[in-house]
Amino acid sequence: MTVDTWLLAAAGAHLDGAVAAARTLGGRVTVVAVGPHALAEAAATAAPDEVRWVETPDGEPAEAWAAAVGAEVAAAAPRVVLSPADPASRALLAAAAVPLGAALVSRVLALRAEDDALVVDRVSLGGAVVETLAVSGPLAAVLDDRDGTTAAAPPAPVTAWTPAAAPAAVQVKREPAPGAAAGVRDAARVVSVGRGLRSKDDLAVVEPLLAALGAELGCSMPMADDLGWVPKERYVGRSGQHIAPRLYLALGISGMPQHMEGVRDAKVVAAVNSDPAAPIFRTADYGVVGDLYEVVPALVRALGAPPA
Amino acid sequence: MRAVVVHAWARSAAGAVVHADGGVEWRNARPVAGEDDPAAVTAALALAGADGEVVGLTLGDADPSWSLARGAARAVRVTDAPIADDEGTTAAVIAAAVRSVADVDVVVVGDSEEHPGVAAAVGAALGWPVVTGIVSASPSGAGIEAVRPSGDVQETLLVPCPAVLGVVAEGAEARTPGMKEQLAARKRPVLTTTLAELGVPELAAPSTVQVRGTRLPDQATTRVFEGHADETARQLVAALRAEGVL
Chain V
53 MTVDTWLLAA
63 AGAHLDGAVA
73 AARTLGGRVT
83 VVAVGPHALA
93 EAAATAAPDE
103 VRWVETPDGE
113 PAEAWAAAVG
123 AEVAAAAPRV
133 VLSPADPASR
143 ALLAAAAVPL
153 GAALVSRVLA
163 LRAEDDALVV
173 DRVSLGGAVV
183 ETLAVSGPLA
193 AVLDDRDGTT
203 AAAPPAPVTA
213 WTPAAAPAAV
223 QVKREPAPGA
233 AAGVRDAARV
243 VSVGRGLRSK
253 DDLAVVEPLL
263 AALGAELGCS
273 MPMADDLGWV
283 PKERYVGRSG
293 QHIAPRLYLA
303 LGISGMPQHM
313 EGVRDAKVVA
323 AVNSDPAAPI
333 FRTADYGVVG
343 DLYEVVPALV
353 RALGAPPA
Chain Z
2 MRAVVVHAWA
12 RSAAGAVVHA
22 DGGVEWRNAR
32 PVAGEDDPAA
42 VTAALALAGA
52 DGEVVGLTLG
62 DADPSWSLAR
72 GAARAVRVTD
82 APIADDEGTT
92 AAVIAAAVRS
102 VADVDVVVVG
112 DSEEHPGVAA
122 AVGAALGWPV
132 VTGIVSASPS
142 GAGIEAVRPS
152 GDVQETLLVP
162 CPAVLGVVAE
172 GAEARTPGMK
182 EQLAARKRPV
192 LTTTLAELGV
202 PELAAPSTVQ
212 VRGTRLPDQA
222 TTRVFEGHAD
232 ETARQLVAAL
242 RAEGVL
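Chains as they are written, first to last, in my numbering: chain V, 53 to 360; chain Z, 2 to 247.
It should be emphasised that the hints constitute simulated quantities derived from the structure, not laboratory data.
Since we're looking at a predicted model, the values are computed, not measured.
Among the clues, some could well be false.
As the list claims (entries may be wrong) - Quick list of simulated restraints, FRET-style, between CB atoms:
1. Ala-90/V <-> Gln-220/Z: 29 to 39 Å
2. Gly-152/Z <-> Arg-298/V: 34 to 44 Å
3. His-89/V <-> Arg-187/Z: 49 to 59 Å
4. Arg-298/V <-> Ala-206/Z: 31 to 41 Å
5. Ala-90/V <-> Asp-231/Z: 18 to 28 Å
6. Thr-214/V <-> Gly-142/Z: 22 to 32 Å
7. Gly-179/Z <-> Ala-90/V: 27 to 37 Å
8. Ser-326/V <-> Ala-15/Z: 15 to 25 Å
9. Ala-206/Z <-> Ala-216/V: 45 to 55 Å
10. Glu-244/Z <-> Asp-343/V: 19 to 29 Å
Quick reminder that beta carbons are idealized off the backbone N, C-alpha and C, glycines included.
Starting from the given sequences, assemble the full structure and let the hints guide the process.
Okay, here's the thing in structure tokens:
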């Protein structure tokens with residue numbers, strides 16, 4: 053069985069992975085890109101079969117088009133509609149899922165067609181398990197954003213598309229985020245601290261490491277929220293900063309999904325934690341099991357030593 | 002403004018035990034408030050204001066007093082709502098219950114990381130505009146002004162009512178209700194209803210989504226160094242130099 057798939061996108065991140073997920077179903081892949089032309093171009097480079105571009109003027113968020121786009125997509129009666137996990141893309145997906153009568157499943161890692169069923173692997177219990185579901189009817193799936201490899205195929209054709217219905221009267225104003233100038237957002241290296249730090253004064257323990265690495269200081273949510281030891285704009289996580297440094301070093305951070313979502317795009321993630329069972333040791337690239345109060349000074353010494 | 006705040010509509014991962022073979026055993030399958038639900042209540046109270054009303058809405062055998070103790074004036078509980086693997090079904094139940102509450106201006110749902118489709122699907126099921134990923138909201142004329150961080154940008158969305166908001170917590174709940182508030186909550190009215198009474202008995206039917214099983218995630222290729230601090234630090238620095246990130 054091959055299954056045609058529509059991918060509804062309002063943001064350009066992770067579209068290569070999303071198109072790759074759709075390709076596993078073997079059918080035609082149509083992307084509906086709702087946003088600026090750059091979004092449609094980004095979608096095209098992921099090499100679906102076609103891109104339909106719904107232009108949004110300044111001041112109009114993609115959500116304004118959700119009902120109109122959803123109705124048009126549902127009218128095509130696809131078996132599968134997909135979206136990335138960003139908020140506006142989810143609104144587009146849900147607006148198609150409801151008129152389709154589709155089951156809606158989130159945090160989807162992979163899809164495949166088996167006989168008449170669609171089989172879905174998804175993240176469940178905060179990442180503790182992967183759950184496999186069989187879906188017998190139409191499916192709407194929010195993908196767990198993953199990067200794919202850059203498509204080798206030529207870019208897909210882009211055609212402008214205007215849904216029949218008018219957009220809703222939703223408006224948006226965009227301005228630089230408070231704290232956007234803080235270095236953590238654009239830093240090549242970020243060292244974050246979590247509850248493994250015993251006091252605010254102990255931030256001094258980390259400072260030599262920041263200097264040695266040329267890194268900016270980040271933190272987990274409790275350090276900025278409950279404890280207030282680190283400025284809020286340096287909080288990294290789902291509702292904080294989403295960053296993409298070349299190196300992310302987590303000190304005394306357990307690695308709950310809420311935090312790790314903020315560093316999903318980091319090139320290399322390393323962690324120091326005294327608990328060998330800490331979840332971060334299941335997701336980081338490198339880990340050191342040890343007391344950060346011993347390991348951090350040792351890292352400073354090692355960084356000062358010439359390469360072996 | 003009348004705001005419905007939806008809470009405790011899904012099971013918590015804390016109620017599950019994951020066995021070594023990846024099997025899941027639910028020790029507590031009762032729906033409980035999610036980590037974003039306190040932020041949803043805060044937003045609902047801000048939107049309702051002193052002259053408005055917040056109505057709590059919850060599903061199954063969840064505790065409606067959770068929202069009542071945090072400022073909701075009354076609550077609705079759909080007693081036979083299924084705990085669904087299909088977020089569309091959950092959203093359809095919520096939407097049906099919202100329709101049973103008169104003159105709702107806004108529905109506020111915790112924008113759950115585990116179930117990120119629900120808030121958006123509630124909006125779609127109601128046919129109302131929906132914005133998610135929101136961190137704060139306030140009334141603005143005949144609509145709502147909602148703030149959402151988006152990368153380097155802060156978006157301020159102007160949404161006409163009625164609308165649905167998916168709210169994300171920026172931190173842990175600042176203050177949990179005390180005994181006085183919990184006792185007062187038990188005196189506030191709770192309307193229990195059923196799928197049949199809401200006119201959606203079909204939502205109790207078996208879903209098109211069936212669970213085949215669970216397994217442990219693929220092990221990440223984490224290189225873990227253990228031992229003396231100087232030795233592990235040296236190994237980590239060497240690895241990071243080899244990665245080209247130092």
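> Hint by hint, which ones does the structure fall short of?
Replying inline: 2, 4, 5, 7, 9
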